[in-house]
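There are 2 protein chains.
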Amino acid sequence: MVNGETAVVLFSGGLDSTTVLAIALAKGFRVQALSFRYGQRHSVELDVAARVARRMGVERHAVADIDLTIYGGSALTADIDVPKDRDGDAMTDGIPVTYVPARNTIFLAHALALAETSGARNIFIGVNALDYSGYPDCRPAFIKAFQRLANLATKEGVEAAAQGADALFQIQAPLMEMTKAEIIQQGMALGVDYGMTWSCYDPHPGTGDTTNAPVHCGRCDSCQLRKKGFAEAGVADPTTYAV
Amino acid sequence: MVNGETAVVLFSGGLDSTTVLAIALAKGFRVQALSFRYGQRHSVELDVAARVARRMGVERHAVADIDLTIYGGSALTADIDVPKDRDGDAMTDGIPVTYVPARNTIFLAHALALAETSGARNIFIGVNALDYSGYPDCRPAFIKAFQRLANLATKEGVEAAAQGADALFQIQAPLMEMTKAEIIQQGMALGVDYGMTWSCYDPHPGTGDTTNAPVHCGRCDSCQLRKKGFAEAGVADPTTYAV
Numbered sequence: 002m003v004n005g006e007t008a009v010v011l012f013s014g015g016l017d018s019t020t021v022l023a024i025a026l027a028k029g030f031r032v033q034a035l036s037f038r039y040g041q042r043h044s045v046e047l048d049v050a051a052r053v054a055r056r057m058g059v060e061r062h063a064v065a066d067i068d069l070t071i072y073g074g075s076a077l078t079a080d081i082d083v084p085k086d087r088d089g090d091a092m093t094d095g096i097p098v099t100y101v102p103a104r105n106t107i108f109l110a111h112a113l114a115l116a117e118t119s120g121a122r123n124i125f126i127g128v129n130a131l132d133y134s135g136y137p138d139c140r141p142a143f144i145k146a147f148q149r150l151a152n153l154a155t156k157e158g159v160e161a162a163a164q165g166a167d168a169l170f171q172i173q174a175p176l177m178e179m180t181k182a183e184i185i186q187q188g189m190a191l192g193v194d195y196g197m198t199w200s201c202y203d204p205h206p207g208t209g210d211t212t213n214a215p216v217h218c219g220r221c222d223s224c225q226l227r228k229k230g231f232a233e234a235g236v237a238d239p240t241t242y243a244v
Numbered sequence: 002m003v004n005g006e007t008a009v010v011l012f013s014g015g016l017d018s019t020t021v022l023a024i025a026l027a028k029g030f031r032v033q034a035l036s037f038r039y040g041q042r043h044s045v046e047l048d049v050a051a052r053v054a055r056r057m058g059v060e061r062h063a064v065a066d067i068d069l070t071i072y073g074g075s076a077l078t079a080d081i082d083v084p085k086d087r088d089g090d091a092m093t094d095g096i097p098v099t100y101v102p103a104r105n106t107i108f109l110a111h112a113l114a115l116a117e118t119s120g121a122r123n124i125f126i127g128v129n130a131l132d133y134s135g136y137p138d139c140r141p142a143f144i145k146a147f148q149r150l151a152n153l154a155t156k157e158g159v160e161a162a163a164q165g166a167d168a169l170f171q172i173q174a175p176l177m178e179m180t181k182a183e184i185i186q187q188g189m190a191l192g193v194d195y196g197m198t199w200s201c202y203d204p205h206p207g208t209g210d211t212t213n214a215p216v217h218c219g220r221c222d223s224c225q226l227r228k229k230g231f232a233e234a235g236v237a238d239p240t241t242y243a244v
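As you go down the protein sequences, you meet chains P and F in turn.
Note that the first sequence covers residues 2 to 244 in my numbering.
Note that the second sequence covers residues 2 to 244 in my numbering.
Any given hint might turn out to be false.
Because identical chains share one entry, a pair is satisfied inside a single copy or across any pair of copies.
Said to hold, decoys possible - With a cut-off of at most 30 Å between alpha-carbon atoms, the simulated DSS-like pairs for lysine-lysine come out as follows: (1) K28 / K85; (2) K85 / K156; (3) K85 / K228; (4) K145 / K156; (5) K145 / K28; (6) K229 / K85; (7) K145 / K85; (8) K229 / K156; (9) K228 / K156; (10) K229 / K28; (11) K156 / K28.
Treat the hints as calculated values from the structure; they're not laboratory data.
Small disclaimer: the values here were computed from a predicted structure and weren't measured.
Excised from the complex, chain P in its bound form:
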């Protein structure tokens, strides 16, 4: 499966994107992992991302500074409470306040710039239409529309099309149709150490252990989906939760 081609992987250090990174590496891609410092309150994920990327053997881990706080409008960047203890119905009913305006559009646009300059033709993103059906920019139609745009937006995409090629740039969303349990099973099969990953939207202060590292709150939507995923996958959950 070694292909030696370069791929860009949008990478937050979370459960989903770490699984995507493992998939891209297993396919033999040389990976440019791309994370964002976008004003997220859970910026601990950037330290996690750096550690996980290094451990898994990416070619480069780039962190782009993009200030999304000036747009406001999301509990992840603005002064809005992160919802806690919601049940599954509440989570999937409508679009949650943790939706960051146009976030995946922005992330993919930046990934396209990195792809264009690093020679990558494939961009991997860990979106999932099942567990997070409330996010519009996590659906197949969105991914397809972005791929179309990418091949109209770029020097190389346009040149390839002029020579009759179709879709030089490919947006890969391998988790699209998977449940959280299936994602975890796939990652375990690829040797992912999920104990290193970070999912929580609202990090809890460290509990005074030797590292004093922040822990998962255990109550936000993301923590609840993580817990449920491990339970349904029948895999021991390596995460330290405050609750």
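Starting from the known structure of chain P, fit chain F onto it as the hints suggest.
Only chain F this time, still in chain P's reference frame:
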């Protein structure tokens, strides 16, 4: 023509986007002007943009910090010389090194976030397919593809589509088919003071006048198109060029 709706205008303080701003204001939009600090060597344009936006009466001028230097690959952000003294054929032959990878995709993605949170349905962008035919992300097909994406990417776009509406978010590119001379004539008719605007990719140090402000180099592609535009429009060029 007063419509009172909010619009986002991508705004660099240059000749084109200042004309677009005048067009949006003349249509009665309340304008959220959006500029970017993206590592451009000609960051003097941000000071210009702030002055022009204030003078013309926008509702808000937002400046987003987005680091595009980590992608490299362009004479506008990386250590590559800005081409000088090229003739018209050289300028339109292929894609110039001043092309910034995925720049308009990135700019429109950020504009979409601002539109979503400010209640704007229209996003104005000063792209032009005639004078800059070498840039792939300045063509009608690109703009159309982005509009399609915008309405799949956003909470409100998706909700409107679910209720049968078509393209809630509109990307307006009023300069698309205009020559530089026509753009200038349009702006003059709307009262634009082009002496305030900035086009140069490679600002020349101030010439020791009372303000010591930087001046246009007069030799980069953008300066040459600016000079030519005023000449062809039959309008006195208010710009101070080093050459």
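inquiry  = Are any of the numbered hints broken by this structure? If so, which, sorted upward?
reply    = Of the numbered hints, 1, 7 do not hold.
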